[in-house]
Amino acid sequence: EDQVTQSPEALRLQEGESSSLNCSYTVSGLRGLFWYRQDPGKGPEFLFTLYSAGEEKEKERLKATLTKKESFLHITAPKPEDSATYLCAVRRDRGGSNYKLTFGKGTLLTVNP
Amino acid sequence: GAVVSQHPSRVICKSGTSVKIECRSLDFQATTMFWYRQFPKQSLMLMATSNEGSKATYEQGVEKDKFLINHASLTLSTLTVTSAHPEDSSFYICSARDYRGGVTNTGELFFGEGSRLTVL
Chain A
1 EDQVTQSPEA LRLQEGESSS LNCSYTVSGL RGLFWYRQDP GKGPEFLFTL YSAGEEKEKE
61 RLKATLTKKE SFLHITAPKP EDSATYLCAV RRDRGGSNYK LTFGKGTLLT VNP
Chain B
1 GAVVSQHPSR VICKSGTSVK IECRSLDFQA TTMFWYRQFP KQSLMLMATS NEGSKATYEQ
61 GVEKDKFLIN HASLTLSTLT VTSAHPEDSS FYICSARDYR GGVTNTGELF FGEGSRLTVL
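Protein chains in written order, with this note's numbering: chain A, 1 to 113; chain B, 1 to 120.
Source of the hints: derived by calculation from the structure; they are not laboratory data.
Model, not experiment: these values are computed from the prediction.
There could be a bad hint or two in this list.
[As the list claims (entries may be wrong)] Short derived list, chain B residues pointing at chain A, Cβ under 10 Å:
| id | residue |
| --- | --- |
| 1 | C13 |
| 2 | F67 |
| 3 | H85 |
| 4 | S89 |
[As the list claims (entries may be wrong)] Cβ pair distances, simulated, as ranges:
| id | chain 1 | residue 1 | chain 2 | residue 2 | range |
| --- | --- | --- | --- | --- | --- |
| 5 | A | K57 | B | K14 | 40 to 48 Å |
| 6 | B | E108 | A | T110 | 48 to 56 Å |
| 7 | A | E1 | B | E113 | 26 to 34 Å |
| 8 | A | R12 | B | P86 | 29 to 37 Å |
Quick reminder that beta carbons are idealized off the backbone N, C-alpha and C, glycines included.
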């Protein structure tokens, strides 16, 4: 069974204090690792998809990296508006058009001004 | 990214009643939509895959007679929680893939804003 573990569960940073969120995964036949941002009471907002080890993607202050066992979401010089829950999910190759994402529980990031 | 809209965003109902939640893809056609459920501080759990013009595919442990899914058009899927009970209270979120790029390996799954169901 696919497993996704995110750490830490919660992270408090001061504005400008860079850090990283971790997503460890176990999946047979990875067909994509996804990062989403979720604000309270809202649906997840797509950030990145990574497909193979060594791949990196960036968007503003966020950078996602992928290895064969984990992914990191690096946040450089965060701002209070970056406060949210960050979700990691994996997709396993189930063949055909079968499409299922397995999500982690998320990391609640709070950035204090 | 693509826009997925859900309605209502919040609903409160009495135990035993049925509640319908709509999910619309606003700027693209979605032959497949997905319904997720999220409990506080828990992962999103896939409930079912909604296929336009055919029966939904339910995940193990999800009662298909309780969670009725209809995907009557390429832009609309509905989830009906029948005979709702307090334990059905949760955050329900739909999602859809935008196939306009024509690449089936595209991983982007876009989510609606979610619907908070409270059953009294």
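Verification of the supplied hints:
1. C13: Check failed: Cβ of C13 of chain B comes no nearer than 18 Å to chain A, outside 10 Å.
2. F67: Check failed: Cβ of F67 of chain B comes no nearer than 16 Å to chain A, outside 10 Å.
3. H85: 23 Å, violated
4. S89: 14 Å, violated
5. A:K57 to B:K14: 40 to 48 Å: 47 Å, holds
6. B:E108 to A:T110: 48 to 56 Å: Check failed, 27 Å falls outside 48 to 56 Å.
7. A:E1 to B:E113: 26 to 34 Å: 30 Å, holds
8. A:R12 to B:P86: 29 to 37 Å: 34 Å, holds
In terms of the numbered hints stated before, the structure departs from hints 1, 2, 3, 4 and 6, listed from lowest to highest.
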